[in-house]
Amino acid sequence: MNILIVGGHAKANYLTKSLKDSGHNVTIVNKDKEWCKIMAHGYGIVGVYGDGTKPFVLRDAGAIEMDTVIALCNKDSANLVICEVAKKLFKVKNTFAVVNDPENIKIFRKLNVDKVISSTEILSNMIEFEAVIDNLINYLPMEDEKIILSEFYIDARSQVADMKIKDIDLPDETIIAYIIRDDNFVICAEKDCELKISDKVIILCRSKDFGKIKSLFYWGK
Amino acid sequence: MKKNKKQNIIVIGCGRFGSTIAGNLSDINKNLMIVDLDQSSFRKLSSSYSGLTKEGDGTDIDLLESIGISDADILIASTNEDDVNILIAQIAKVIYNVPDVITRMYDTSKKITCEDMDIHVISPTALSIIEFQKRIFGQEVEF
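Just so you know, the sequences run in chain order F and W. First residue of the first sequence: 0, per numbering that gives the first Met the number 0; consecutive thereafter. First residue of the second sequence: 0, per numbering that gives the first Met the number 0; consecutive thereafter.
Please keep in mind that the hints were generated in silico from the structure rather than gathered at the bench. Fair warning: there could be bad hints in the mix.
Counterexamples of contact, computed for chain F against chain W with all Cβ distances above 10 Å [to be verified]:
1) Met0
2) Phe55
3) Lys74
4) Glu102
5) Leu148
6) Ile164
7) Lys165
8) Leu215
Restraint ranges, calculated between C-beta atoms of paired labels, are given here [unchecked claim]:
9) W:His119 / F:Arg108: 23 to 29 Å
10) W:Ile27 / F:Lys16: 57 to 63 Å
11) F:Lys109 / W:Thr124: 26 to 32 Å
12) F:Asp66 / W:Asp117: 47 to 53 Å
13) W:Ser65 / F:Leu139: 54 to 60 Å
14) F:Ala9 / W:Phe136: 36 to 42 Å
15) W:Ile27 / F:Lys10: 34 to 40 Å
16) W:Asn28 / F:Leu203: 27 to 33 Å
17) F:Glu142 / W:Asp37: 34 to 40 Å
18) W:Ala125 / F:Asp59: 54 to 60 Å
Note that CB positions come from ideal geometry on N, CA and C, so glycine has one too.
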């Protein structure tokens, strides 16, 4: 894939490396001339010096040929303009923006930016859940936080330890997708599977039901 | 246009442009609210300005809601940054359905970001070019 990374220093550096390693064609645009040179020489990629919110700069960087544009600038507004210019003027299929203000996630999605992430939000989710609930391993809100994908560790103190799935009082429309035991996947097709201590469980639920799930799988209150 | 109700107008960005337009509109009996990051910008408002002022970030939806963007009839985005104006205008139009959204944009090439969105873009650059061309060619030339 042809991928254009606009703005960012450390993030752009890391992304460039990992995307190049997986065989993608990376081009970068940056306002920092020296840094552009370093990146271009270091990775053997095209580095375009300029303000990526300006359509002519994106054109010079070959935006029309790009499959994906990733906007990593510090300003949320700049990232919106980059994604919109890429999409509307250069017909780029996938646009990806990083935002500071978590409120901007839903705004940018409404404005047709394909993928929006906020490090502030990820950090606050991690603090909120991982610090409070230490047997919650993963927490991933999806579809504007309508659905939550979570992974719990079954502790001797969990209510559900040694219970069969059919006997657990799960909220409707909640799916226990997998049980991971001794690092092997156990697909949970039947309701007769028993949850053992030190299992890990992958659960999909509606976000309104997450409180209930927490109270079942978490060993605290 | 509503005849009986006073129009609610929000102006974001109290520079020379924002402060002047807010002053003029407040003189013709409109409900005005002007927002700027910097409290001291409000000194630019004329002494006859009778609207409200709010210090803060005009791209923050909590702030926009607190100043009643849902009831606004007109929103004018006139900060000194094109990108910020574009973001504010699109929030006003797409999220809050403000009937009349006007944004200032220096860089005409960014106009495409607001295309097909029912946002009025006013470009000082384009307007100057038209005026200059009128002088030079003695007639109106399409820009």
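Comparing the hints with the structure gives:
1. Met0: Consistent with the label, F:Met0 stays out of reach of chain W, its closest Cβ about 24 Å off (over 10 Å).
2. Phe55: Non-interface label on F:Phe55 violated, nearest chain W Cβ at 7 Å vs cutoff 10 Å.
3. Lys74: violated (7 Å)
4. Glu102: violated (5 Å)
5. Leu148: Non-interface label stands for F:Leu148: nearest chain W Cβ at 27 Å, farther than 10 Å.
6. Ile164: holds (42 Å)
7. Lys165: holds (44 Å)
8. Leu215: Answer for F:Leu215: holds, closest chain W Cβ roughly 34 Å.
9. W:His119 / F:Arg108: 23 to 29 Å: holds (25 Å)
10. W:Ile27 / F:Lys16: 57 to 63 Å: Given range 57 to 63 Å: holds, Cβ gap about 59 Å.
11. F:Lys109 / W:Thr124: 26 to 32 Å: holds (29 Å)
12. F:Asp66 / W:Asp117: 47 to 53 Å: Roughly 30 Å apart at Cβ, these two residues miss the hinted range, so it is violated.
13. W:Ser65 / F:Leu139: 54 to 60 Å: violated (32 Å)
14. F:Ala9 / W:Phe136: 36 to 42 Å: For W:Phe136 against F:Ala9, whose Cβ atoms are near 52 Å apart, the range 36 to 42 Å is violated.
15. W:Ile27 / F:Lys10: 34 to 40 Å: Violated - the Cβ-Cβ distance for W:Ile27 and F:Lys10, about 49 Å, lies outside 34 to 40 Å.
16. W:Asn28 / F:Leu203: 27 to 33 Å: About 57 Å separates the Cβ atoms of W:Asn28 and F:Leu203, which means 27 to 33 Å is violated.
17. F:Glu142 / W:Asp37: 34 to 40 Å: holds (39 Å)
18. W:Ala125 / F:Asp59: 54 to 60 Å: At roughly 23 Å between Cβ atoms, F:Asp59 and W:Ala125 fall outside 54 to 60 Å, so the hint is violated.
The structure shown violates the earlier hints numbered 2, 3, 4, 12, 13, 14, 15, 16, 18.
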